[in-house]
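2 protein chains.
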Amino acid sequence: MRHFDIEMSDLKNHLLDMASLVQEIIRAATEGLSKSNLKQVEKVYSLEKKINVKEIVIDDKCLKLIALHQPVSTDLRFITSAMKINNDLERMGDEAVSISRMTKNLIKYKGLKPLEDISKMVLAVENMIIESIKAFNTSDTDLAFLMLKRDDEVDMLRNKVVDDIKNIMVHSSNQEIIQKAVDLIFIAKSIERIGDHATNICEDIIFMAHGKDVRHPKVNG
Amino acid sequence: MRHFDIEMSDLKNHLLDMASLVQEIIRAATEGLSKSNLKQVEKVYSLEKKINVKEIVIDDKCLKLIALHQPVSTDLRFITSAMKINNDLERMGDEAVSISRMTKNLIKYKGLKPLEDISKMVLAVENMIIESIKAFNTSDTDLAFLMLKRDDEVDMLRNKVVDDIKNIMVHSSNQEIIQKAVDLIFIAKSIERIGDHATNICEDIIFMAHGKDVRHPKVNG
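Read top to bottom, the protein sequences are chains L and R. To convert, note that position 131 of the first sequence is 131 in the working numbering; the numbers rise steadily by one, no gaps. To convert, note that position 75 of the second sequence is 75 in the working numbering; the numbers rise steadily by one, no gaps.
Worth flagging that the hints you see were computed from the coordinates, not collected in a lab. Worth double-checking, as some hints may not be accurate.
The list cannot tell twin chains apart, which means a pair is met if one copy fits it or any two copies do.
[Said to hold, decoys possible] Capping the alpha-carbon separation at 27 Å, the derived lysine-lysine pairs in BS3-like fashion look like this:
1) Lys43 x Lys134
2) Lys149 x Lys50
3) Lys12 x Lys120
4) Lys61 x Lys212
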């Protein structure tokens, strides 16, 4: 194996580690929410630090790889896509932190019962992440294309969640319930964003493999 | 001027054009909101298309520059940062589209009067963008550092806006008002996000100039 190939495979492993950390932080955030579990919320904050370190390490690795090996074509696309995927993974972690901040508010109020559709959103998004990472690891662009469609399902669930929350608010003038409802809206928004980042990653995977930009279908014709 | 320098200056101009488009789309979105002006809302959608094309052109330019000229050090950092800045600018445009989508809902209801603090948020964020672009154009890292602090101001305003909206919701069981209030919450969130993207751009400018990663201060010590 050439030195360059070893370095590229090392970069891939770093990204897979980063993805595992991000899966872990999302699980901690959503379990913190569904079980009102403060331990999981604290875990989110410690995982965030690890993710931040990892992001810088990966970015640095990418720059060094380009500077030292001057890759072209597929290899260059792999490295610049890795930088983008790294960025989207880190921002997924930020959303997990936002969810935990809201969860801390929610735990203060008794009778916290997150909506069932939020759990469905979480399941759909977790599944998107698993499949996106699989698509990245096996360069499976068909799977990546499939995930682009899956995002619509998350958006539909988000609309349903927001409608249900509006209904709760219409029928309540209780300050605590309104507070809780607004926090739940922000949580639904964060979960939706995680799905958006997974979508971005899939677009990068497709670009990486084919050099075909699928970010804005109407632009590409 | 070397061919490479001409290409680099061309890349910078493309990014400045992209930034102008993004300023324009944000102005259209926020004027659409503040003046309930559907023409401005429509302008947002046509500007989004231009921004999407520009994003792909800039990314492509960056890849070609790396592949053909194999830059190292500051030049390489400039190009990879340009890709990131490009990405953040495009996502600012996405937020302008979200604001316009909510504005369309809001225009349906009579008596739309966006909160004064939302206008303050808009002003603060527009100012952040102008200064960030100036910092990029003149490689002014002091200005970029200053902007990182400015984001706290936007977050404070956002909290105030959300608190005011919660108050409105506590005192209303009118479905239209609740609907409008939730739309305003999403708008406040989008404006905050635009500020976050401006912050990301400033971090990239600092990294570009000094090779110093300021994304996660606690990590860098």
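Exercise. With identical chains treated as interchangeable, where does the CA-CA distance between lysine 43 and lysine 134 reach 27 Å or less: within a copy, between copies, both, or neither?
Worked result: For lysine 43 and lysine 134, only the intra-copy Cα distance (25 Å) is at most 27 Å; the inter-copy one is 39 Å.
Exercise. Are the CA atoms of lysine 12 and lysine 120 at most 27 Å apart within a copy, between copies, both, or neither?
Worked result: Neither: 30 Å inside a chain and 44 Å across chains, both beyond 27 Å.
For this session: Give the relationship of lysine 149 and lysine 50 under a CA distance limit of 27 Å: within one copy only, between copies only, both, or neither.
Result: Classified as between: cross-chain Cα gap 24 Å, same-chain 31 Å, threshold 27 Å.
Exercise. How do lysine 61 and lysine 212 come out at 27 Å by Cα distance, when the copy is not named: within, between, both, or neither?
Worked result: Classified as both; 25 Å inside a copy, 15 Å across copies.
In terms of the numbered hints stated before, the structure departs from hint 3 and from no other.
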